[in-house]
Every structure is written in structure tokens, then in C-alpha cells.
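Here is what each chain is made of, one letter per residue.
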Amino acid sequence: MAVNDIAIDVNNITKSFKVFPDKGSQLKERLLFRKRNRYEERRVLRGISFQVKKGEAIGLIGHNGCGKSTTLKLLTKIMYPDTGTITMNGRVSSLIELGAGFHPDMSGRENIYTNAAIFGLTKKEIDARLKDIISFSELEEFIDNPVRTYSSGMYMRLAFSVAINVDADILLIDEILAVGDANFQAKCFNKLKEIKAKGTTIVIVSHSLGQIEQICDRSIWIHEGLIKAEGDPKEIDLEYLDFMGRKLQETTSKELEEKQSDEASETEQTEEDTAPEQEEETAPEEAPKRWGNGSARIKKIRAYTADGSQQKVFRTGEQIVFRLEYTVNKPVDDAVFGIGIFSRDGIQCYGTNTRIDKYEEFRLDRSGTAEIVLEDVGLLAGEYLIDFAIETGDGIPVDYYREAYKIEMINSIGDVGIARISHKWNIN
Amino acid sequence: MNTIKELYAYRQMIFSLVKKDLRGRYKGSVLGFLWTFINPLLQLVVYTVVFSFILRSNIERYYLYLFVALIPWIFFSSAITVGASSVVAQKDLIKKIYFPRMVIPISYVTSSFVNMLLCFIVIFAVIIVTGAGINFIALLALPVIMAVEYLMALGMALLTSAVTVYFRDMEHILGILSMMWMYMTPIMYDKSIVPDELLPVFNLNPMTHVIECYRTVLYNKAMPDFSSLISAIGFGLFFLILGCLVFSRLQRHFAEEL
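So the sequence lines, in the order shown, correspond to chains A and B.
Using our numbering, read the first sequence as starting at 1010 and increasing by one per residue.
Using our numbering, read the second sequence as starting at 133 and increasing by one per residue.
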């Protein structure tokens, strides 16, 4: 590889953070509480090297805290590595924190100038881009109003338009395409493809593997501060999903063992445990999102793929099986089970229950499991929140659990919207 | 060298921060931008009353004697005290996005400097109204003195703003320090009344030379003393280089410390 073909050269970088349990930044505190100044060093990156060719798009993937966002921050030069070097050839723009330096009292137009100046553009350069920025943001009528009058969607649109019109040689993106409504997202995505076609080097950090697969030529999987694998996104992403699924299974089976040993030692304590087990993944937020008369409670929710492996990430078109474990405190004679699937912005994508589906009402008199098998789930890429409910026959909630579970759909085809409608084209 | 090139590329950012600062300074107040002029005028009235009627200094045209020194001092002291917290104040920006960090203290010092230039309008107005007279040839030295003071203030602001990130007490220490510094500089009194034993200290104080130069040009209507000017330039460059070195070393961990 010739040297001038390389846009980004990352050479064996490491980075540690000092974690102070309780840090004082004043002299008094520093002197008086010397002991408090003890800190732990957390090694976030343990030696990462990679190169990105000009015009290449790469995706950094990995679970939370693996070091991918830190890597991106080092690339932007917001932070510096402890050891190792990073060379960036060309103007860098980052879509990491949008709207940096926006002033609420200034108009949209003025904020374009301030914000673009932070990216290192001169007035002349901004003048030349102004029209493109405004028309991309679709804010023509509002551009001279103060930014504080904007809705959050308008704000993000303006911020995104500035950042994407900088004409950088290298574009760094962190979880960006959660901007605005679905239409604007699609527009951003197309713009990104257009920018890539023009030869801009792109680095994306995302949880959404679907986005990465659509735009990136290469995925780099970072695991515990090291590169675990890199290559074709489709292969790497599968490997990664597989790994995450296995990890999920390991942790849940470990929990199960722990639970069983707990129960063995403390047999008396089993009865009072009416609250559901707080499994971090299954219950994002509990209290206000749950109601019912308490006769029965949903205890645990898990999702499985067709081959029976536990997962939280699914591909569009796959089968998904949800298995609920419930406990019964007081027998329910006429139970109805329900499910509701919501997109991130609160749109209900699907909802049904056993009554609608013409099942007999169930009699629940002891704890058990319920399963719903969703065939050929056409939901497109994104995160979905799922409600589960147990009701009585006349509609009194027994346990209504909002946002009880979260799944992510990935989709490498690129169709847009909420759900895929099976289709074919006939063109003469 | 690279730093200078990069700062040049970010000139629009400096420009827009200066504009924002100047515009934002008196935002919401009834008199608005007029405060730029009212504030130093009122200070002048206070000091003149105290020193001409109560403490009774026998310096001729004391108000002018004081004014031409006080305005440059206010600029310098605000550059080191308020300038010190300029980086901390912009922590949201620093944690979020890359730009050469020096942009921040440079913008702050520049906007204070512009403020001082505006105050000089008041100085000249006072000179003209009271008929004190101007030496136009000596006036040619004024831009040089201003530039030197700017560099010195910038050096100090780079130094204090970078240190404040790691050590927040600095802001408070600097408040006291700048007051002490003011009384250790011949602003309200003449250097001639300083006891001989203390003179070396005064000569080591870079602001002594700067203030003397301003006063020679605007009050004594003469060309500034060459040795004073050279000392001032020397100090100015020294502080600038020191400030740059310290700042570029310390800025690497700004994002983590803030």
C-alpha cells in the first residue's frame, strides 16, 4: 500500500483512564484527603493498530465499553493516546456531538456560521456552502428565527446539515443516524452514500449492524481493548452476533445456577418474591411502566432465534420466539396474553392478544411459561420496545408490562420504512 | 509552526467567538454596549474623587495620569483572571469536538483587547475635552505598546487557563494575585516615590514597563523610553513563549480533566 493512499494510520495505541472514586480538584482537598487521591487505572485500549485507505468506509463494532467510542475520540484528537501514534491525512469532520457551540438566542443562519467555524471553515467557505446547508436541513422558512424556537428534530437537522456539508476528507460518525424522523434519516443515509462515492473516508461506530453493513467495506470488531477480528462486515457481524448470543446465554445460565443455589440455601424466602427478577436487560425501567392487580406476574422474558439460541439482535425476516415465565399468586380463571411492538419513536408496529387470535381463555393456577412464535418478522433495522400483558377476560389488567423487552433488528438490504412488505416487481 | 498554521485555518472560529463575546457581554442590560464606555468613566470618577480630594495627590491632571494607566491594566488583569477560567467555561465544546484549544484563550484575550481599544476612544475624548493635548509623533509608538501588552496578556492567559483546568483554586488565587499585582505596579502613584530597596522588584515587574510606556506617550506627550520599551518587548515575548509551551503540554488531557 503506497503511503499516500492511506487516510488514517493507527499504530499500536493504548489508552487508560484514571478512575477516582472521589476526586477533589481543590488544593484543600488534595492536601487533606491524600488517601482519596488513590485511583484505579482502567485500560480501555490495549494496543490497537489499523489502517484505513482513502475512500474506504469502516465500521467499529463491539459491545458497550469495549473501547470503540474511545478509539473514535482519539481519532478526532479530542483525547490523545498514552502510547502509539495516529496519523490522519486530510480535513476531519466528526458527527459525534452535533450542534457544538449552538447558541439558542442566535438565528439558525448565525449558528451555521458559528458551528461551521468550529469545524475550521473560513467565512468564504461557509458562504459557499450556506445554500446547500439550508436546503438540506429543510428549514428555509425558519432559518432566521432563533434556534431556541426550534423543535429538537429541527435542531438536529440543522446540526447534521452543517456537519455533513463540511466537505471533509475524513468523516467520523458515532451513532449518528438516530436523527429526526424516518424520512430525514433516509435522506442522511443517502447523503452519506453520496459522500462516500465522492471518495471521503468514513469511520462509523454503531450498534446498528444494519447501517454498518450497508455502508462499510470493512468491519473492525473491538473486544476488551483489542481488535478481535476484522474483515467483510457481513462475516464479521455474524461472528459478532454469534459471540454476543453465546455470551448472553452464558450469563443467563449462570444467573440461573446462582438463583438455584440461593433457593436451596434460603428456602423460606421464596414466597415473598413477587417482584420480578431485575434482569438488567429485560427491565430497562420498571416502576411507572407496569401495572395490574398482581394475581400473576411476568417474571422473566427471553427471546430466541429459530434454532433455539437466545438473542437480542435479529435479522429482518427471521423467526423470533418470546418465552415468558410467569408466577401466579392468586389463580386467574380467564387469562388473556398480549404483546405490543413499538418502534423507538413510539409508533406501534404490531399488537395482538390471545383473544383477538381466538384462543380460549386460559386458567392460570400455578407458575408456568407462555410462548409466542413470530414468523417472518418483517420489522426493518432499528430498536424496538415490546410490551407484554396478562389480562382477565373482561379486560382488567393482571400484569401490564410496558417496554418490558428491547430487541434490535438488523437489515442489510437497505429498504426503508417500518416493516418489509413482501413484494415483487413486474416491469415490461 | 504547525500550530500557527492550524490557528490560521481556524481564524473564523476566533472571529466568531470574539463577536459572540462582545455581543453577549452586555446582553439584556438596558444600556447595552454603552457600558463599555460608562464603566471606565465611572471608575475614573471614583479614583479621581479619592485621589484628588481625599488622598490629595499633587500630580497634575491626576485623572488623566491615572486613566491612561488604568485602562491598560483593566485589560491585562481581566485577561489573567477571567481568561483563566475561559477554558473551563468552554468545557462542553472541548469535550465534544476537536479544534485547536488555543483558540479559546486567544478569543477571550482578543475580545478584551477590542474592549480596551474602545475605551481608548474615551481616553482620547477626555484628552480633547480637557485640552490636555496630544503628541502625534509619540502616538506612533502606541500601537507597538498595545501589541506588546497583547502578547504579554495572551501569554499569561494561556498559562493561567491551562493550569486552572487541573487546579481550580487558581481562579480564586488569581483574584488576590491580580490585586497585589496592581498595587505593585505604578498605576495610582508615580514610580519615583518607590523606595530604592524595592526598585529592583518593580523593574522585574513586566507591567511596570508597559504602564510607563503608555503614560509617557499619552500623559507626558513624549516618545517612550527606549530601554522601557525593549524590556516590555522582551517580557512580552518571554511570557508568550512560556504560555504556549505550558499550554500545549497541558492541553493533551483537557478532555479527561474537564
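Treat the hints as calculated values from the structure; they're not laboratory data.
Predicted model only: the values in this text are computed from it and were never measured.
Any given hint might turn out to be false.
Coverage of chain B stretches by chain A, computed from C-beta distances (three or more under 8 Å per stretch; other residues unrestricted) [stated by the list, open to error]:
#1 139-148
#2 218-230
#3 375-387
Backbone N, C-alpha and C define an ideal beta-carbon position, used for all residues, glycine too.
Results of checking the hints against the structure:
Coverage of the segment 139-148 of chain B by chain A holds [criterion: at least 3 residues with CB-CB distance below 8 Å; count 7]. Coverage of the segment 218-230 of chain B by chain A holds [criterion: at least 3 residues with CB-CB distance below 8 Å; count 7]. Residues of the segment 375-387 of chain B with a Cβ under 8 Å from some Cβ of chain A number 3, which satisfies the need for three, so the listed coverage holds.
Every hint from the earlier list agrees with this structure, and none is contradicted.
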